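These protein sequences, in sequence, are chains A and B.
Take the first sequence: its letter number 205 is residue 204 in numbering that gives the first Met the number 0, and every next letter is one higher.
Take the second sequence: its letter number 117 is residue 116 in numbering that gives the first Met the number 0, and every next letter is one higher.
The hints are simulated quantities; they were obtained by calculation from the structure and are not laboratory data.
Keep in mind that the hints are not guaranteed to be accurate.
[Claimed, not checked] In silico DSS-like pairs for lysine-lysine, Cα to Cα no more than 25 angstroms straight-line:
#1 A:K224 - B:K166
#2 B:K166 - A:K125
#3 A:K267 - A:K224
[What the hints assert, rightly or not] Across the chosen pairs, the derived CB separations fall in these ranges:
#4 B:I32 - A:G158: 47 to 53 angstroms
#5 A:G178 - B:R94: 41 to 47 angstroms
#6 A:M110 - B:Y125: 49 to 55 angstroms
#7 B:I36 - A:G13: 56 to 62 angstroms
#8 B:A110 - A:Y12: 52 to 58 angstroms
#9 B:I36 - A:T157: 55 to 61 angstroms
[As the list claims (entries may be wrong)] These stretches of chain B come out as covered by chain A in the derived footprint (C-beta under 8 angstroms, 3 or more residues):
#10 3-11
#11 89-103
#12 206-212
Predicted, not measured: the structure shown is a model, and the values here were computed from it.
Glycine included, each C-beta is placed from N, C-alpha and C at the ideal position.
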Amino acid sequence: MVAIDVQEVSKRYGTLTALDRVSFSVEEGEIFGFLGPNGAGKSTMINIFLDFVRPTEGDVRIFGYDCQQDGKLARERMGVLPEGYAVYERLTGRQHIEFAIDSKGGDEEPMELLHRVGIADAADRKAGGYSKGMAQRLVLAMALVGEPDLLILDEPTTGLDPNGAREMRNIIREENERGATVFFSSHILEQVEAVCDRVGILNEGELVAIDTIAGLRESIGGGTKLSIQVDVVPDTALHSIRQLPGVETAWLAEDEDRIEVTCVDDAKMDVLVALHDAGVDVQNFRTDEASLEDMFAEYTGGGRE
Amino acid sequence: MNWQPVARKDYLEAIDSRVIRYLTYLFVIACLIGGYIFPVTTTGAVTTNRFAGFMTGAIGLLLPLVGLLLGYNAIVGERSSGRLNLLLSLPHNRRDVVVGKLLGRGLFLAAAVIVGLVGAAALVIYPFGSFGIGPAVDYMVYIGLTLLFGAIFFGIGLALSTVTASKQVATLSAFGVFFVFVVIWDVVEPAMIFALERVGLATGELPNWALFVYEAQPVRLYERIIAVFFEEQGTAAYLGTDTTWYLSEWVAIALFLLWVVVPLWVGYRRFNRGDL
């Protein structure tokens, strides 16, 4: 059974394309990581799930319900930690949970949920005085109300300290073991790598990769990362390297005086020769084993936080 | 529909808001002062019907103010802060949000009008006045009309609050509505006469169609309706005795009801269509 089914979704704001024909699906029971740098379109996608934003083309179904036509029915089965939310400063933590229970028709004990996310001692304080991390925990607790079949978490670890981030991962695992599907977005690879079954990588509105963590590792394979110190790099040089057999991809490192290339081991010399032919003065080079981190950087154009 | 949780939550928030409490008190106190002064200052009979006429000036000023202030920030405030994201992540749609606000906050407006006017009536009747079944029914209808009058401006405020994502735009347009409808409307009539005379469409007074436009504004409608049905109770025509049908008091009531529904409906439709 499919939990989330995204079909050819595009969203354009005037001439700006936030999402470009994105399609993927998430199976029930999966933990799916939605990865990409800030501004890649992750939140736009999640906002379409929640019907905050209407897609220009395409549609999204959650448990078979169209998010635009039957958004309320879809959200009855979801627990959400949205992006850019604020808590009700005049209501206490407990009142927030009671509101969520009231909305979703849950039968939980508010204090138990607050205890689970670690803010039970602030239950009767007004949420206006909560820190960012406490607000984040409170909204997570609201998301857990009613044992949702699908948890949607938009950058869930923002505002949490490392301890909080670990607790968040534990809750994600517990919820998944209970049977919930989890979809969460992040711009930080480690967050996703640690808990996800499958990962989709979004860059500039396009889905550039979708695979299991193991599958992604395999695709970079017994690969090698070449780091080549150069002075000036003409665009054509990068292009011609990418054309070489055995080369997966090549990109310019952030400081612009290094080319990074992922390729099979045998192709290393070919790369150096090709660079030489293109008139690039190779000053130095070293080889590393390629990591997921490199792959993420490569897919998302080298930009990393 | 799943608006009840939203209305309950909005009520809890509103009761904690000092501004909303003070606006409610302000209106109640104004009514009580009116109820105290009327029997002392009036030269005619002390009846609740005449009291209704006596109060239109104050209510025509205060209730638009209270209604607009209650409404204009209700949704745009939640939207610009991000609380709307939290709310709509739960199984609610945008209609629940509008209905919840309408009831959760409207309750305060309704309580202010009912408590204020019932209290005022008691003050009017107690020392000198008279009160029977007939006037009691009239007075309830009067409270009902005043509730609708408050609902018009609360609805306009709420509508302004739904059509924009900017708090500044909502604030300015609410102020604009108050300024035009309440503060300067009296000047609009001579201005219209002047303009129409210039183009040769009027001589000295407004032609019927222009009078219709001038009188079709909620504060004017409320004042005229109260005057015709309560103050002079059937003895005076709405706008002269032999005017065209569209200047009759019944058309005025229909327009009055349209004002309750239309702005809010238009605002809701816009709100429901776009991205947040």
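Going through the hints against the structure:
Distance check on the hinted pair: K224 of chain A and K166 of chain B sit about 52 angstroms apart at the alpha-carbon level, beyond 25 angstroms; violated. As the CA atoms of K166 of chain B and K125 of chain A are separated by approximately 24 angstroms, the hinted pair is consistent with the 25 angstroms bound. Of the pairs offered as hints, the one joining K267 of chain A and K224 of chain A holds, with about 9 angstroms between alpha carbons and a cut-off of 25 angstroms not exceeded. For I32 of chain B and G158 of chain A, the Cβ-Cβ distance of about 50 angstroms falls inside the hinted range of 47 to 53 angstroms, so the restraint holds.
For G178 of chain A and R94 of chain B, the Cβ-Cβ distance of about 32 angstroms falls outside the hinted range of 41 to 47 angstroms, so the restraint is violated. Checking the proposed 49 to 55 angstroms range against M110 of chain A and Y125 of chain B shows it holds: the Cβ atoms sit about 51 angstroms from each other. In this structure, I36 of chain B and G13 of chain A meet the distance hint of 56 to 62 angstroms, their C-beta atoms being roughly 59 angstroms apart. Distance hint for A110 of chain B and Y12 of chain A: a CB-CB separation of about 43 angstroms, inconsistent with the stated range 52 to 58 angstroms.
As the Cβ distance of I36 of chain B to T157 of chain A is approximately 59 angstroms, the hint placing it in 55 to 61 angstroms holds. For the segment 3-11 of chain B, the stated coverage by chain A holds: 6 residues have a C-beta nearer than 8 angstroms to a C-beta of that chain, and at least 3 were required. Counting residues of the segment 89-103 of chain B whose beta carbon lies closer than 8 angstroms to any beta carbon of chain A gives 4, which meets the minimum of three for the stated coverage. With a cut-off of 8 angstroms between beta carbons, the segment 206-212 of chain B has 0 residues touching chain A; three or more are needed, and the interface restraint is violated.
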